[in-house]
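We have chain A; now place chain B onto it with these hints.
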Amino acid sequence: MSAAKVKMREKKMRNQPASVQYSSSSRNVERNAHNEGDTSGGPSDVRASAERQKKPPQRSGWVRGHHKDGGGYAKEMPKYITAGAFARARSAEVKAMLKAVTKTTGSSHVFGALPKHMRRRAMSHNTKRLPRRLRDVANRMREKSLQAGSKKKKEQAKNKSRKARRRHGNLLLEFNRRQRKNIWLETHIWHAKRFHMVKKWGYCLGDRPTYKCYRPCYRAMSSHCLLQDLSYYCCIELQGEEDKLLAALSQMTSKQAGPTFAAALCLSGCRQGSVTVYKAGRYPSQPLGPVTFLWRPRTQGSTHRQLWIWAHPTLKQDLLPELQTVCQCCEAVLPPVVPVVTPAEANPILESESKPENKPEAKPITGTKRKRSSKDFTGPPAKKILGDGTRLPTTPITWKSSSTGIVINDLTMEIVRYRLIGPQSHSVLAETLEAATDCNEVDTSQASTLWWPQHCKDESKMSLHQQQTDVFHILKGIYSTGELPSGTVLGLTVDDPRLTLPTKKVKAMPCVKQAQEVDEEKRRELMLRGVPQHCCQSFLWEQSVRDNVTDNKISEQELNCMRSEVLVPGSRLSPTPLQGRVPILLLHQSGKQVGHEMNSWGAGWDLLLPKGWGMAFWVPLVYRGVRIGGLNMSLKHSQNKAAPHFPHDYPDCPAGIRFQEEQEAELLDKFKRHPPAKRTNYIKHGCLAPFCCPWQQLAEEWELLTRDGGEERKGDSKIQTTTQTDTVMEEEMTSQQDITLTKPLSRFTVLRDRKSLRLLSGWCRPTTSKGQRLCRVGEVPPLSRSAVMSFLAAHGMSLVWVRLSLFSKGKPEFHAMLCVPTTEDLKLLGKELGNSGPQEPPHRDHFKSRIKHQKDPKKATTSSLSSDKPECKGSELPSASDPDPTTSEDLNSSFQASSDLILGLWPDPLPSVTSHCSRVTLGWITQGDFSLSSGCGEALGFVSVAGLLNTLLNQPVEHRGKLLLRNPTSLHYRFAKINIEV
Amino acid sequence: MVRVKSRYLLCEVNVSDKSQLLLLDDRAVAATVRAAVARTHGDYGAALCSIRFSVKYLNAHTGIVLLRFPKRCYRLLWSALPFITSIETRSHKIPCFLNCLHVGGTIRTCQKFLIKYNTQQLHRMLPKCKDEEEKQHIRKAILNCSLAGETKEAFEEESESEEDEVE
Numbered sequence: 001m002s003a004a005k006v007k008m009r010e011k012k013m014r015n016q017p018a019s020v021q022y023s024s025s026s027r028n029v030e031r032n033a034h035n036e037g038d039t040s041g042g043p044s045d046v047r048a049s050a051e052r053q054k055k056p057p058q059r060s061g062w063v064r065g066h067h068k069d070g071g072g073y074a075k076e077m078p079k080y081i082t083a084g085a086f087a088r089a090r091s092a093e094v095k096a097m098l099k100a101v102t103k104t105t106g107s108s109h110v111f112g113a114l115p116k117h118m119r120r121r122a123m124s125h126n127t128k129r130l131p132r133r134l135r136d137v138a139n140r141m142r143e144k145s146l147q148a149g150s151k152k153k154k155e156q157a158k159n160k161s162r163k164a165r166r167r168h169g170n171l172l173l174e175f176n177r178r179q180r181k182n183i184w185l186e187t188h189i190w191h192a193k194r195f196h197m198v199k200k201w202g203y204c205l206g207d208r209p210t211y212k213c214y215r216p217c218y219r220a221m222s223s224h225c226l227l228q229d230l231s232y233y234c235c236i237e238l239q240g241e242e243d244k245l246l247a248a249l250s251q252m253t254s255k256q257a258g259p260t261f262a263a264a265l266c267l268s269g270c271r272q273g274s275v276t277v278y279k280a281g282r283y284p285s286q287p288l289g290p291v292t293f294l295w296r297p298r299t300q301g302s303t304h305r306q307l308w309i310w311a312h313p314t315l316k317q318d319l320l321p322e323l324q325t326v327c328q329c330c331e332a333v334l335p336p337v338v339p340v341v342t343p344a345e346a347n348p349i350l351e352s353e354s355k356p357e358n359k360p361e362a363k364p365i366t367g368t369k370r371k372r373s374s375k376d377f378t379g380p381p382a383k384k385i386l387g388d389g390t391r392l393p394t395t396p397i398t399w400k401s402s403s404t405g406i407v408i409n410d411l412t413m414e415i416v417r418y419r420l421i422g423p424q425s426h427s428v429l430a431e432t433l434e435a436a437t438d439c440n441e442v443d444t445s446q447a448s449t450l451w452w453p454q455h456c457k458d459e460s461k462m463s464l465h466q467q468q469t470d471v472f473h474i475l476k477g478i479y480s481t482g483e484l485p486s487g488t489v490l491g492l493t494v495d496d497p498r499l500t501l502p503t504k505k506v507k508a509m510p511c512v513k514q515a516q517e518v519d520e521e522k523r524r525e526l527m528l529r530g531v532p533q534h535c536c537q538s539f540l541w542e543q544s545v546r547d548n549v550t551d552n553k554i555s556e557q558e559l560n561c562m563r564s565e566v567l568v569p570g571s572r573l574s575p576t577p578l579q580g581r582v583p584i585l586l587l588h589q590s591g592k593q594v595g596h597e598m599n600s601w602g603a604g605w606d607l608l609l610p611k612g613w614g615m616a617f618w619v620p621l622v623y624r625g626v627r628i629g630g631l632n633m634s635l636k637h638s639q640n641k642a643a644p645h646f647p648h649d650y651p652d653c654p655a656g657i658r659f660q661e662e663q664e665a666e667l668l669d670k671f672k673r674h675p676p677a678k679r680t681n682y683i684k685h686g687c688l689a690p691f692c693c694p695w696q697q698l699a700e701e702w703e704l705l706t707r708d709g710g711e712e713r714k715g716d717s718k719i720q721t722t723t724q725t726d727t728v729m730e731e732e733m734t735s736q737q738d739i740t741l742t743k744p745l746s747r748f749t750v751l752r753d754r755k756s757l758r759l760l761s762g763w764c765r766p767t768t769s770k771g772q773r774l775c776r777v778g779e780v781p782p783l784s785r786s787a788v789m790s791f792l793a794a795h796g797m798s799l800v801w802v803r804l805s806l807f808s809k810g811k812p813e814f815h816a817m818l819c820v821p822t823t824e825d826l827k828l829l830g831k832e833l834g835n836s837g838p839q840e841p842p843h844r845d846h847f848k849s850r851i852k853h854q855k856d857p858k859k860a861t862t863s864s865l866s867s868d869k870p871e872c873k874g875s876e877l878p879s880a881s882d883p884d885p886t887t888s889e890d891l892n893s894s895f896q897a898s899s900d901l902i903l904g905l906w907p908d909p910l911p912s913v914t915s916h917c918s919r920v921t922l923g924w925i926t927q928g929d930f931s932l933s934s935g936c937g938e939a940l941g942f943v944s945v946a947g948l949l950n951t952l953l954n955q956p957v958e959h960r961g962k963l964l965l966r967n968p969t970s971l972h973y974r975f976a977k978i979n980i981e982v
Numbered sequence: 001m002v003r004v005k006s007r008y009l010l011c012e013v014n015v016s017d018k019s020q021l022l023l024l025d026d027r028a029v030a031a032t033v034r035a036a037v038a039r040t041h042g043d044y045g046a047a048l049c050s051i052r053f054s055v056k057y058l059n060a061h062t063g064i065v066l067l068r069f070p071k072r073c074y075r076l077l078w079s080a081l082p083f084i085t086s087i088e089t090r091s092h093k094i095p096c097f098l099n100c101l102h103v104g105g106t107i108r109t110c111q112k113f114l115i116k117y118n119t120q121q122l123h124r125m126l127p128k129c130k131d132e133e134e135k136q137h138i139r140k141a142i143l144n145c146s147l148a149g150e151t152k153e154a155f156e157e158e159s160e161s162e163e164d165e166v167e
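Top to bottom, those sequences are chains A and B.
For the first sequence, counting from 1, position 78 maps to 78 in UniProt numbering; every step adds exactly one.
For the second sequence, counting from 1, position 82 maps to 82 in UniProt numbering; every step adds exactly one.
Isolated chain A, as found in the complex:
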């Protein structure tokens, strides 16, 4: 019954008498009655009656139904009833009945009391039409209803009119209120009008546009330019002596996984570097995630360096404490504006750990709400929040170390970062940006608080600016963004791009004319060597300049006013207002680096701006005909680049683990929203974990399998390679029992060692995407058992990132299984080209009947014995669909253990993941789609190194590296070629 119904019923039954009886459940009563029956004594009776006098039955409530305690009656039963008690009981009953009879039941409305023939129209608002005896009640009810109505109206009146709400100041207040929980990027309003927004990682981010643009966006990435707002990436600034910084950071990286922070090119400041960060000294077991970093070019005669580390927001909460421990920076430097001591400052590190969203904020600009409440504040009531609105002003953003002298600065939301992807992104930039014009003599001579006039006085700075401008002009001449060396950095000072905003949206194209003008020699130099070192310097590195630029930005309104005063409408403002010079940094972003085809696909530029200037650059960029992508597109970008995307494809990092858990919960929730009959039954499809890949279990199982296999082979070395796939299967069967017994081994890792990856890649026989042609690889030691064994000794518990391309049809989906083909499958593949792959026999859902039983427990209890028996028999039969003999045992145990079974999903203790299906599972796909770049289904995922090597060993050379791929919702296996790209 619904709550309203219960309430109605209560109201109706309020005056009705309930049954009066002693509770049936309490046995004490019974026993007492017995005792007293035996030892009949006067006093007990007296006591009982006395008690009853204190509590007359009616007062204590008429008990309806079976209440636990006797409804307040005396527990003892009297032996005989006196006349007084008899009379009292009668009178109480009469009273109750009287109450029931006199009070009207039924509807509580007054008119309900009137017989139908006496009811009149309009009685509800003219009470005088009612008989006099009912008028009082009716009046009261009417008043009450009027009051209720007025209350509602009052509440509505609180909301202002739409016009008032949309007024600028109020709107700003509302926006500021909404920004307190999740950080808004500067382009938030622009995005919110065009994108599906999601709240992720403490930010409001655009996921995908509301218009259809999947293919146009891909086209933009591969032939023109796609723009993304990546300002949510967190920047952490490290300052200190170069050697000390390097010593501290070297603990977090390893040379085996590629160039580190100390790579010479990066260290000079001409290149942006990227590196995978580990917990201090824990390589390779505890990775944190990938970061990009940028050193500030050396200033002459100083060893003091500045380093920016850019990290994903989910990574930042792990990275920042780690950096603090590595650099021994535990003294928090408080923001100077707030001198108040709060408990947050007592342990700043803990604070920062517990509040990962705490990001720096412009010091003069604190939360508007707080401003309004403080009395000494005199200024406009609302101000736009720049930077982070969720952070408390007292939270420290700077940490200092007394021993090493390193300063860590949290620059989150201080710097706007836009990413342009595509071969034409340089022409978009060249068209949008214009190198800053010099100040004329008059401006320079005047004392100014602005930074640019002061810089104009300095000769060396101006010459640097001139050189940077020259490089920027050469940049216009190159053909494609991918031609540049990856990670190139260019510092620049530009004019306010709003001044050169075209009246109509145009498509930026490479300017052929200009390209011819530019010196060929210089262009080649740029393409080969990148930007000269001194040109990488930018004033964006300096906090004071950034703040100056942010504070002195001309507002849109002022700019429009100035435009309206121009004599020729639509012409350019001249002279350029002094405030309109912005220091920026351009970072080249490398495209696809791994693999043998589509090289440098998706290369582009990152544009770093001081905060506050986001929209001033965004709109001019959009007016150059770029496409805008959201989070969805960055995933597709990295997928096409065959690069792992953070945090989706980092299952060994804490952020990746968190992401997986979230994703599982989300997918499970979505799955449960469907009615059971409309769900995919993943048990029948033989898919154990459709929502979350149990990597640890996979790694452990393969580790065990290979170890057992190795021992067996020592005894019997005559096994033929052709039958080995079968023996592997058998071994698995035998080792199944062990799995439950063995304790968890060490944690799995993702293989990132360059050398080992190269070795593996060579063993996989890399081919072109559809597997037609072999690619040349360098000298690789031949694949032999001894080599494999030594490799596995080091990386037995590892997973490896692989790319798969399907031979024929099929669109891989995420969490698809990667399986080992049997020899028969490979033979079939060799026979006919059009062979689409084997089928998985459908599995039986043993849990279905259990769920049914759970639903109606009566049946389950009565027929549990009879129904369990045939089922157990069925599962014990060695059927083809169920190659795993342990399932029935698992089944029983899990049935007893887990009470909440979901139809179509395996309950929690999963059986062996490797050998659940007819083909042995190697790993899972994390990203998969039809690839527009290669024209076939492509998938990215992880496989177990042990499993992969085992498979490769057992496969004949011509079929080496061919695997089967099966989507979680299908029974069809598809052939795919595995490629490990380094």
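Possibly wrong hints are sitting among the right ones.
[Said to hold, decoys possible] Listed next, the in silico BS3-like pairs over lysine-lysine satisfying Cα-Cα at most 25 Å (straight line):
| id | chain 1 | residue 1 | chain 2 | residue 2 |
| --- | --- | --- | --- | --- |
| 1 | B | K56 | A | K99 |
| 2 | A | K103 | A | K11 |
| 3 | B | K130 | A | K12 |
| 4 | B | K112 | A | K116 |
| 5 | B | K5 | A | K99 |
Derived from the structure by calculation, the hints contain no laboratory data.
Using the frame of chain A, we list chain B on its own:
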């Protein structure tokens, strides 16, 4: 109005030992009635008794029971009531018989009858009193048999509670 019609039988449980009355239980009464009907009228009776038969009210102090039967077959079911000789409750067998006082079409009429009946009983008891104390008790009880004076208070309480609900 269109409604499902029933007959309500207001019965009195007569026992020899008054204290045993307190052991009564509405489920036990219902079970006993069902058993009696099944005994006298067989499966047909039992089936009739299974639909819309219930014990609406039971007062263990006075031994008043209100039974609801479907109107269609209440005579048949009623005819089984005299065959009840004992009620088994809480592993006690209470020897008793049911005496039907009133047959009504609504609970309300039954309640009205009960008021009349009880006051009548009390009035009858008054002259039969043995000593002064008893007389006093019964007088008090008779005076209690009205809602006068309390009605207003009760009403106010009620309205207050309603207001609470609104809040």
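Results for each hint:
no. : hint               : result
1   : B:K56 with A:K99   : holds (17 Å)
2   : A:K103 with A:K11  : holds (12 Å)
3   : B:K130 with A:K12  : violated (43 Å)
4   : B:K112 with A:K116 : holds (23 Å)
5   : B:K5 with A:K99    : holds (24 Å)
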